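Q: Chain by chain, the residues run as shown.
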Amino acid sequence: MPDTESLTATTTREEAPRTASRVRPEKPPSRGWIPGEWGIWVFILTDFSVFGGYFGTFLVLRGRQPGVFRAGSQALSPTHGAVNTVFMLTASLCVALAIRSVREGRVLTAQKLLVGAGLCGAAFIVNKPIEWAGELAAGHGPHQSDFFQLYYLLTGIHLLHVIVAMLVVALLWRKVRKVQVAPTALQARYLENGASFWHLVDLIWMVLFALFYLVR
Amino acid sequence: MTAMTAMTVIKRNDILVAWALLVALTAVSWWLGADHGRAVAAATIVILVLAFVKVMVIGYSFMELRHAAPVLRVAFFGLAALIGTILVGIYLAV
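Protein chains in written order, with this note's numbering: chain A, 176 to 391; chain B, 76 to 169.
In short, the hints are calculated from the structure, not lab data. Don't take every hint at face value.
Ranges between beta-carbon positions, derived for each pair [to be verified]:
#	chain 1	residue 1	chain 2	residue 2	range
1	A	R245	B	A99	23 to 29 Å
2	B	M82	A	H255	33 to 39 Å
3	B	R87	A	L328	30 to 36 Å
4	A	R245	B	V103	20 to 26 Å
5	A	V301	B	V149	21 to 27 Å
6	B	V115	A	P304	41 to 47 Å
7	A	G207	B	L167	20 to 26 Å
8	A	G207	B	M82	27 to 33 Å
9	B	M82	A	S252	39 to 45 Å
10	A	A246	B	R148	36 to 42 Å
What the simulated footprint calls covered on chain B by chain A, stretch by stretch (three residues with Cβ under 8 Å from a Cβ of chain A suffice, anywhere in the stretch; the number is not a length) [unchecked claim]:
#	segment
11	94–108
12	142–153
Here the structure is a predicted model, which is why all the values come from computation and not from measurement. Backbone N, C-alpha and C define an ideal beta-carbon position, used for all residues, glycine too.
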């Protein structure tokens, strides 16, 4: 099988500035450039705002029942949460590097990085139910307290986001395969939309980790 | 091969630098979250602020907002700052 990366490498250096100048943020064409399109950003900002409401609800209830929330938080493993945080961050790193690679015409590298993102996402998805099972076995079910009700609800909604993000990464992998030399404007928009969604899922977890595992 | 300055290396690896910063901030938060007995409220406020600093680093670097239209940057960073401030306010008030 020929190494397509080495075959495209020569042409990439010559053609990338011309074909990709519209889509390379390293040299944005104008002040009006955005990653992906406005629709995805309306969704991202709306979804983050909805989670903002959940975060606020958590802290209001925590203020009313500090003992219950403190006990709940102490029943969780911050180390487990931190490991999941590193999985999320590493998946985001892979997605961001994949977008950069595909812009430079390094399609195989981009695909490998997307597989890496998928593996990190899978590790998160496997880890979460294991963590839940441990808490349920210790008697910390969703009906035990408002803390655990919110914990299962919000980490569950977030897990659904991760599962959707995994499907998005699979779609990006297929899309990247069709890129020649550098993505067209349409391909770039599609890739950036998907990547931005993945990073949204990542950043929501940053706040969930702080609230449930670390706030005392 | 041309010798690269430190700044060039950082610029070329800015996404990796952002990831390392995010992991380091996670480690600091994790350490602060462990019970040290004193200054619990101060530690919690720092943990909340660091969580939103991480949100902003993800936006700035991974989401490429450093290159984005000013209106989108204002919307994203403004929203993150607003939610973070409200959460710290709720923590202090209730």
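Q: The structure should be examined with respect to each hint, and the outcome stated for every one.
A: Okay, the hints, checked on the actual structure:
1. A/R245 x B/A99: 23 to 29 Å: 27 Å, holds
2. B/M82 x A/H255: 33 to 39 Å: 38 Å, holds
3. B/R87 x A/L328: 30 to 36 Å: Violated, since B/R87 and A/L328 (Cβ atoms, about 42 Å apart) do not stay within the stated range.
4. A/R245 x B/V103: 20 to 26 Å: 21 Å, holds
5. A/V301 x B/V149: 21 to 27 Å: 39 Å, violated
6. B/V115 x A/P304: 41 to 47 Å: Since the Cβ atoms of B/V115 and A/P304 sit about 31 Å apart, the hinted range of 41 to 47 Å is violated.
7. A/G207 x B/L167: 20 to 26 Å: Violated, at about 39 Å.
8. A/G207 x B/M82: 27 to 33 Å: 28 Å, holds
9. B/M82 x A/S252: 39 to 45 Å: 40 Å, holds
10. A/A246 x B/R148: 36 to 42 Å: Given range 36 to 42 Å: holds, Cβ gap about 41 Å.
11. 94–108: holds (count 9)
12. 142–153: Three-residue rule met by the segment 142–153 of chain B, so holds; n is 7.
Hints 3, 5, 6, 7 from the list above are not met by this structure, while the remaining hints are.
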